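Peer 1: Guided by the hints, dock chains B, C and D onto chain A, whose structure is given.
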Amino acid sequence: MKFVHYALEALAGRLVKWLVSLPPTLFLLVFFVAPSLIVVLASFRYPGEFGGLASLLPLFGADSGLTLETYRFFFSDFVYFEIFLKSFGVAALTTLICIVMAYPLAWLIARSPKKRRDLLVLLVILPFASNFLIRVYAWIIILGPFNLLYTSFAVIVGMVYVHLPFMVLPLYTNLEKHDPALLEAAQDLGANAWTRFWKITFPLSLPGIFSGSVLVFIPVLGMFAIPELLGGTGDILIGNLIKEQFLDNRDWPLGAMLSIMLTVAVLALAGLSAWAGRGKGRMA
Amino acid sequence: MKFVHYALEALAGRLVKWLVSLPPTLFLLVFFVAPSLIVVLASFRYPGEFGGLASLLPLFGADSGLTLETYRFFFSDFVYFEIFLKSFGVAALTTLICIVMAYPLAWLIARSPKKRRDLLVLLVILPFASNFLIRVYAWIIILGPFNLLYTSFAVIVGMVYVHLPFMVLPLYTNLEKHDPALLEAAQDLGANAWTRFWKITFPLSLPGIFSGSVLVFIPVLGMFAIPELLGGTGDILIGNLIKEQFLDNRDWPLGAMLSIMLTVAVLALAGLSAWAGRGKGRMA
Amino acid sequence: MSILEIRNVTRRFGDLLALDDVTLTIEAGEFFTLLGPSGCGKTTLLRLIAGFDEPDAGRIFLDGVDLAATPPEKRPVHTVFQSYALFPHMTVRDNVAFPLNMAKRPLDEIHERVKQALEQVHLSDKSGHYPHELSGGQKQRVALARGLVNKPRLLLLDEPLGALDAKLREQMEGDLIALQRDVGVTFVFVTHSQQEALALSHRIAVMNEGKVEQVDEPDKLYSFPRNRFVADFIGNINMLAARVAETHHGHLVLQATDLGAVAAPLVKGVKAGDTGVLALRPEQVHISSHAQTPELKNHFHGIVRGLLYLGDVTVYKVELDNGMEMEALLANSAPGRAKFFEVDDDVTVAWRHDAGLFFHD
Amino acid sequence: MSILEIRNVTRRFGDLLALDDVTLTIEAGEFFTLLGPSGCGKTTLLRLIAGFDEPDAGRIFLDGVDLAATPPEKRPVHTVFQSYALFPHMTVRDNVAFPLNMAKRPLDEIHERVKQALEQVHLSDKSGHYPHELSGGQKQRVALARGLVNKPRLLLLDEPLGALDAKLREQMEGDLIALQRDVGVTFVFVTHSQQEALALSHRIAVMNEGKVEQVDEPDKLYSFPRNRFVADFIGNINMLAARVAETHHGHLVLQATDLGAVAAPLVKGVKAGDTGVLALRPEQVHISSHAQTPELKNHFHGIVRGLLYLGDVTVYKVELDNGMEMEALLANSAPGRAKFFEVDDDVTVAWRHDAGLFFHD
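Residue numbers (the numbering used here), protein chains in the order written: chain A, 1 to 284; chain B, 1 to 284; chain C, 1 to 361; chain D, 1 to 361.
These aren't lab readings, by the way, just hints derived from the structure by calculation.
Predicted model, so just to flag it, every value in this text is computed and none were measured.
C-beta atoms are modelled at their ideal positions from N, C-alpha and C, and glycine is treated no differently.
Among these hints, one or two may not hold up.
To be verified - Cut-off 25 Å, straight-line C-alpha distance, at most; resulting in silico cross-link-like pairs (SDA-like, lysine to any residue):
| id | chain 1 | residue 1 | chain 2 | residue 2 |
| --- | --- | --- | --- | --- |
| 1 | B | Lys114 | A | Glu176 |
| 2 | C | Lys220 | D | Phe341 |
| 3 | A | Lys114 | C | Thr91 |
| 4 | A | Lys199 | D | Phe341 |
| 5 | A | Lys199 | D | Leu123 |
| 6 | C | Lys104 | C | Asp56 |
Said to hold, decoys possible - Calculated from the model, a selection of chain B residues having no Cβ within reach of chain C, i.e. all distances over 10 Å:
| id | residue |
| --- | --- |
| 7 | Leu37 |
| 8 | Trp198 |
| 9 | Lys199 |
Same shape as in the complex, but just chain A:
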């Protein structure tokens, strides 16, 4: 009797566990594994007759029809490498400018009275509640009269403008958590305002800067609307390249391949920065 009871209970426990872990498993399968597999497979296919992609179904039959053609194409043409390099440069520059602009803003919000903080955060987010395109067009109107439109400068302005809140918010969240007693202690022990910032506030805010940088750097790499609308013909980035393959050239294998190369590059960069920052995880 007792044994049966326990056996049933164990079974019920496993059932619950299974039910609970089902949604995340499904999530990963449907949202990550399947699309990723499709993209990876697509990159090894030939383009379809009318653009797009030759059907994926024969893959599982005898005629697998896989090719390294697109990859060979990528590595044989130096222009791709150049665009990759430029894109990473734009992303890095955008991130850097966002850090410099967001820091005083985030600091000011974190230091203001508690009840005013939510309002200030709202003010930072508010400009971004309106449609993305509208905001870009507002910049066309602003930059036009100054003859700054269709330049790399306009692209950077647009990129910074669109991504700034993603730097402000994690930085603010980080700075808000700082214990004000730490700054008092540093001052008490002889540190002036400049030293207090560089020895205490800044190092403690590095996790916030890191989060914000990830949230800015990666989306900038995928962005195509801003270079298209604000940039000149020479301001094409990877995002545009990928978008072109899907929407204009309908060369899906090439688009998929480029997207894979981009992901690989980002992951390599992430691995590199994790390796450089190893052992610094102790920071609070």
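Peer 2: Showing chains B, C and D alone in chain A's frame:
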């Protein structure tokens, strides 16, 4: 002497204050006030000769050339109202599905061992590190063979897919903060698993659900790529309408007006929900 | 009548033996305390009683019924958590009503009993407040009211006074005693503070490394500790290394290094030649100026090396001629005099021949 | 030689008068304590000394120099914060080296002095650890080392023991006394715990509602409180309402309601007819079984109503015939006996004619 010293110090103090509050003031001016003003002004202008916008400069001269034409147009045509209604419906449905799908996922991450949580969060974000378009095209490939492409269903799937992480992350952040002792206390005092969820976990997670809903609801309203790529001709939403005015019709005043109406509607909704939720701010 | 019986309970966490064959019986209506240093297993035992955890071996009976198959929510046992664990989204009233709602009591009964429970803890005026609006002491009282309102058979208290400051803790101790007496519920109280345990409990179980060292009433525990651990953990105590010289009919004669003969009460099973320590409470050590010859049998010369002034009492640290330091506690009972002796004074320390306890190694 | 002089300092926060014309002098090498309930202004005063806040009126002199124009980072005054405020991104070593780095000391001197400071607080083996890897007591010692390493003229300590548990607090008290004696730095210690203040300080300033009530050595403060607030705040005390019947040359004769005549020591400026209270420490109250007639002048019949057993001492709560409750503290000095009296025992409470202090209303 002493007086001069204090006067200088007060001056220096004010200078610092001014320098610190300059960036946020500039931020608001450049990123919020200026573009907003431009959009508002644009909505009262006539379209330019070759599309776009008649120059804004005469505004400040004698010939202000403002008109209510676009607004009259909006309120005279019932189709705009219909599209607005449909868009809010799609946004609400997407938000709801995201809540239901994100909750078990967020809960599971929050309940897993501390060192595994970061990895799981990464797994949720990872699918979204790759290019947005790629991910939408993967869905074209998935949905195509089932004859589900170019339907409202496909639009909802795409919307949910793209926005799910924005629901998972704030929910997870909220659930992670819950004190496990509260659930033990509830169990100790006689609550079974079902009651514990509805009386403790769920009410305490409402702020997380709210944050997530804002992060899903508003972007869905501005989204045009997904309806364009996955939806049928009847699945046009406000986002598409606005985008069309800027990119295809080049009727900027109409686009600006639609964007303003959208912002007004969202703000009205936000005000309404703040009013409905008044006095509940006590929740931890 | 025993209400709770813990029989040969063992609990392991990996390599750690958190509870090692613990057997305890708690009587109905008792204020019973589990006392021990952190990591001694007292909280583990509490969680087993509440049902949050299961023993690896052994059984727990409540009113004679094995609890093994009863989940926590079905046990008539409530807990006051160390962090209080008040529900932050509910008012004080709703927090206290929670167990009654769970038990599906009629609404008017709930209303009545919540009101009564809040009166008992003097918080009637806070019933509409939220937990974050309360002070630490008020939260603690809400947690008590919530734990008691549905009249559990047992109330478990997990270091409920730990988060309060000294003055408040003292006051809450008095309130707790009164409350337990009034409601008549059996309390099982966990603490690492020997002072709390002595002041509050009917009986105390002293635990160490997963084992119960001694179960006794406070004064018995303090006066007759069963072993060195208990003697040292409960209160302060002097430990004088000594060897047994003779065992007389009524007492022991000890030989302390470089000090001489010391008379001590007889201990069963101790024989001449055994080595060990004489454990002696500071308040049993008399101290007098060198000139006076005390009438006590054990008296030794010493020099005052330090003193800890505590207002009502002063603790003198006296170095004996063999280099050993001995503490003596004196109540400052003479008006206007705080200290009887100063540092470097020559003094005589003395204690009765029947004072102290010998523990052999 | 006085190191710190606080002269007529006043500080307001809106309507609240946090400090009301405070004047204090602290001597070089002292362990000086600011003691008072929360909100008495003690922490405000500490922040004024450190320079985090400025007085609305009055001046503060360090070594005879007005501090008004000196910002906190330039004052030779360091603080040990209540939360310790260790820098979480620096190792123990870097935390302690911080003030030396700020003072731009040569690297080898920094190395040497950090090593020495960590030895002083027994943390040499933790120098490479980060604060979050330390226990509460260890954090506290790092904060102490960091505050002392650059030899400030003053070390301010803001309730540094508040976050520690009882056993550890007791141990840290001993360490603090030894450390202050060894380094010879003047300590200004803020606490709300009278026990900490009595055990640690050379002198104590008792504060209440922004005013200094009394400045004195611990034993003087305890034995001769200047007013009712100090008497009540420092230690436990019985307050017996009484009226002055006569003033003799050497003592007062008081009349307590429904009790009779009570002899008490003379207080200046008190005259017959004054009403007030006789404040009497529990340890000055003798208690004996009814049969014995004590030789003391003041003795009254009472019934034991409750007792608080604390191991080394027991506090008896005795109800006198006039309904007033009086506490008497007895050290449990007889071996094997924890309590001399039980609840409901008839007893005689007595105290010397020169015990207690009369405070008139």
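Peer 1: Each hint should be assessed against the structure and marked as holding or not.
Peer 2: Taking the hints in turn, this is what the structure says about them:
About 23 Å separates the Cα atoms of lysine 114(B) and glutamate 176(A), which keeps this hinted pair within 25 Å; it holds. Of the supplied pair hints, the one linking lysine 220(C) and phenylalanine 341(D) holds, its CA atoms being roughly 15 Å apart against a limit of 25 Å. For the hint linking lysine 114(A) to threonine 91(C), the alpha-carbon distance of about 24 Å falls within 25 Å, and the restraint holds. With a CA separation close to 63 Å, the supplied pair lysine 199(A) and phenylalanine 341(D) exceeds the 25 Å bound.
Straight-line distance between C-alpha atoms of lysine 199(A) and leucine 123(D) comes to about 24 Å, which keeps the hinted pair within the 25 Å bound. Among the hinted pairs, lysine 104(C) with aspartate 56(C) is inconsistent with the structure: their alpha-carbon atoms are about 34 Å apart, more than 25 Å. Even its closest Cβ contact with chain C, about 42 Å, leaves leucine 37(B) beyond 10 Å, as expected for a residue assigned away from the interface. No Cβ of chain C approaches the Cβ of tryptophan 198(B) within 10 Å, the least distance being about 12 Å, so the stated non-interface status holds.
With a cut of 10 Å on Cβ distances, lysine 199(B) falls inside the contact zone with chain C, its closest approach being about 8 Å.
Comparing the model with each earlier hint shows violations of hints 4, 6, 9; every other hint is respected.
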